[in-house]
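Q: Chain by chain, the residues run as shown.
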Amino acid sequence: MVSIAVTGLGLATPIGLGHETVWPGLLAGRSGFRTVALFDTSRHGTHLGAEVQDFDPAAWVRRLPVPSMSRASHLAIAAARMALADAGIDPEQITPEAAERFGVTMGTTSGEPLEIERLSDLMVGDRLDELGPELAGRYPCHLIAAHVASELRFAGPNQMIPTACAAGNYAIAFGVEALLAGRADLMLAGGADSFSRMTYTGFGKLGAIAPDLVRPFAKNRKGMIPGEGSGVLVLERTESALSRGARIYAEIAGYGLTCDAHHMTAAHPDGDGPARAMERALQTGGLSADDVSYVSAHGTGTPTNDKLETLAVHRVFGRGRKVPISSIKSMIGHTMGAASAIEAAVCALAIHEGWIPPTMNYDEPDPECDLDCVPNQARQMRVDVAMNNAYAFGGNNASVIFRRPHAQA
Amino acid sequence: MLRREVVVTGLGLLSPLGDEADAVHEALLAGEIGVKPIELFDPSLLTTKNGGEIRPFEAERYLGERNLRPLDRTSRLLISVAGRALEDSGWDEARAGGDRRELSLAVGTTYCSMHTIGEFDRRGLKLGPNYVSPFDFANSVINAAAGQAAIWHKLTGINSTLAGGETSGLQAIAYGADLIRTGQADVVLAGGVEELCFESSIAYSRAGRLAGGEVGTEGNGRPVPFDRARDGFAPGEGAGLLVLEAAEVAEARGAKIYARIAGSGAAFAPERNGDFAAALARAIAAAWTSNGAGGGTLLCVGSGASGARELDAWEAAGIARGLEAVGAAGVPVTAIKANLGEALGASGVFQALSLIATLADGRLPGIAGLDMTDEGFPLSGVSAAAQIVTVTPGGLALATAISADGPTIALLFAAP
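As you go down the protein sequences, you meet chains E and P in turn. The numbering used here applies: residue 1 is where the first sequence begins, and numbers increase by one. The numbering used here applies: residue 1001 is where the second sequence begins, and numbers increase by one.
Mixed in with the good hints there might be a few duds.
[To be verified] Label-pair restraints from in silico Cβ distances: (1) P:1060 / E:364: 30 to 38 Å; (2) P:1036 / E:121: 28 to 36 Å; (3) E:35 / P:1130: 18 to 26 Å; (4) P:1134 / E:20: 39 to 47 Å.
[As the list claims (entries may be wrong)] Each computed DMTMM-like pair below joins lysine to aspartate or glutamate, with the alpha-carbon atoms no more than 20 Å apart: (5) E:307 / E:279; (6) E:222 / E:366; (7) P:1049 / E:129; (8) P:1154 / E:270; (9) E:322 / E:363; (10) P:1126 / E:126; (11) P:1126 / E:121.
Simulated from the structure, these hints should not be mistaken for lab results. A virtual CB, placed ideally from N, CA and C, is assigned to each residue, including glycine.
Taking the hints into account, I'd like the entire structure generated from these sequences.
A: Shown next, in the form of structure tokens:
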């Protein structure tokens, strides 16, 4: 059984910065959807996006030059600084010896897509002579984790995990392994992605973008809305968190990673991969499905995802019991590689605060999604065990389980 | 806690010097250079016109007559080596015989396909958003090759992609081994892939990191690891996978064992300057410690040095400090990127495969083209010629890599 403490949370989302803002916003059902500002959508069939508003990188990126990196790195550094502060750690007070034991692992879908989009602009516009040295220093996705570590002087293990829309959970799983193996004493683990025309165009081509609202699990759901953001968790071995007197939001009890090995963009029709990920996570956590109080759904709001996720949830939990399951993507959209990291923070907060956020925009029930999806209203309830689900292109499935800290059980 | 031994039971690779591990080992020993004029794209805007290109790469040879259209070059490379690794390890046969065990995959890559991503975006720009290719979009995620390989070979276990520039491939092997040690997986295909393409090459060229000096000048520079006249790296490509397996699983099915993964360590250089040497030394020390306080003698080092002006010097300094700390100063050191180019995610696997071959026959390739090292160069074990190492059972080989962006890694392989 795993015992890794979550001691800090950092969030940069389309409904605000910091869990002090984001959490009440989620409980109140705030919407982060606006007309896309980053690029012209006049030739697209949809126009809404979930961009992070009023974000000033210079407020967060203090040691490295702001223009030396791209937007996902800015968002990641902001979330990382918030998470550390939330964990009661001042990066300026970390000794060099301790910093050698502090690592960073981040997930992403597209890395820094704005940089390759600029390359495309130059190539298509026959202006390649304008390309300078910046691309190699701003584009490769591993720069996100590297920039976070350089900014904070974290000299321990550093790992980028680009496993698309399940990447936040994959990075958390990597962080857990690094801590359990004694490779680090503290890991910042999370995910980051920036809004991009490529992502928007691609999902549009797949017909996966909703024109108006994201309605996970509802009968007339029409798709997801792409978003951006970053979520970062401070992870420590529970005994070291306790010995420094840290507040522990939740502990990570286990995780399960599986692959459908079926199709790049379409999930397996019987939900086998997601079910195996949930079962593995329960098994490594020494838990049964009955122990789970709350499930944070992948819940993109596409017709297929929500139907198959329902099938998988039924396989794991049985049809007799309706575990509360909600999707915050109904409010902040699909933040890609950041999504499951932000949702991991939601699981930790649900345990710590005794509330679960709603699935908004839920109108007509869908018999194919016969779940208790906590429709439209946050619910106050004791949460002892929360499961965080995430699925991705490539057939990647990831479930991470959080539980109430043992000291408070 | 569960701590299992991890062994290597199968190999697959595609490199500019061939697709057979033994033949590539012989080519490296003979000092053959796989870095040649680039034909995959027009290299005239690059400082060097040479790269480590796989030519010809006929995916049909490995993948048969099935529909390859949805697969880009990166996916084809990875799927090809996965097939060979499964065959070599005996897992092909075991699965055909009814073994239903889940196989996992850990792929190191920096870009997956920067070319596919660029093509997707450029098509949308030129023709409009309705005319982009759904195939290209599916392949535009950085875990696309890992996903495609899982589909092709029915790998239903953990499927992770690890990005870290020059360290990616070794990162994936280290992670795969950790997953087996802690019981998260029994069998992991671990390694990496990278394609040679215009987009990544122009990025490095404009950043002044490729060999060859000014664009338009004659010559292709000197991408020779540790050489005093080195002036950058040659871009490369390839793919390689090791089949990593819990020793108990391998023994139970009577698999041949190439080597044992003895330990690994990773560290980061936040200042991205001289602290690279300190970081790599820490990574080496961590790898040594994770080997259970140093069972076995360190016999040789396979460095990730590429001809990069500063990075090679830092890597040499880091290796020297690491070797001194573990009492192995002066052991033979090689670097094979003069032969193969800098293939990022694939390079770490090439290093691993080369060291596994050395642990089998005691012959370590030389550093092709090495003429004279920097003044005060700290490693006495480098040589342009192949070297002989006396391999004892359990003898260790160390692979190292530094990414220009901060990550460093060290991995220890042990002779069976």
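Q: Please go over all the hints and tell whether each is borne out by the structure.
A: Status of each hint after checking the structure:
1. Checking the proposed 30 to 38 Å range against residue 1060 of chain P and residue 364 of chain E shows it is violated: the Cβ atoms sit about 50 Å from each other.
2. Range check, residue 1036 of chain P to residue 121 of chain E: Cβ separation about 32 Å, and the 28 to 36 Å hint holds.
3. Between residue 35 of chain E and residue 1130 of chain P, the C-beta spacing of about 20 Å keeps the proposed range 18 to 26 Å intact.
4. In this structure the hint that residue 1134 of chain P and residue 20 of chain E lie 39 to 47 Å apart at CB holds, the actual value being about 41 Å.
5. Distance check on the hinted pair: residue 307 of chain E and residue 279 of chain E sit about 19 Å apart at the alpha-carbon level, within 20 Å; holds.
6. As the CA atoms of residue 222 of chain E and residue 366 of chain E are separated by approximately 13 Å, the hinted pair is consistent with the 20 Å bound.
7. Restraint check for residue 1049 of chain P and residue 129 of chain E: the C-alpha separation of about 18 Å stays at or below 20 Å, so the hint holds.
8. For the suggested pair residue 1154 of chain P and residue 270 of chain E, the alpha carbons sit about 16 Å apart, so the restraint of at most 20 Å is met.
9. Using a Cα cut-off of 20 Å, the hinted pair residue 322 of chain E and residue 363 of chain E holds, with the two alpha carbons roughly 19 Å apart.
10. For the hint linking residue 1126 of chain P to residue 126 of chain E, the alpha-carbon distance of about 12 Å falls within 20 Å, and the restraint holds.
11. The straight-line distance between the Cα atoms of residue 1126 of chain P and residue 121 of chain E is roughly 10 Å, inside the 20 Å bound, and the hint therefore holds.
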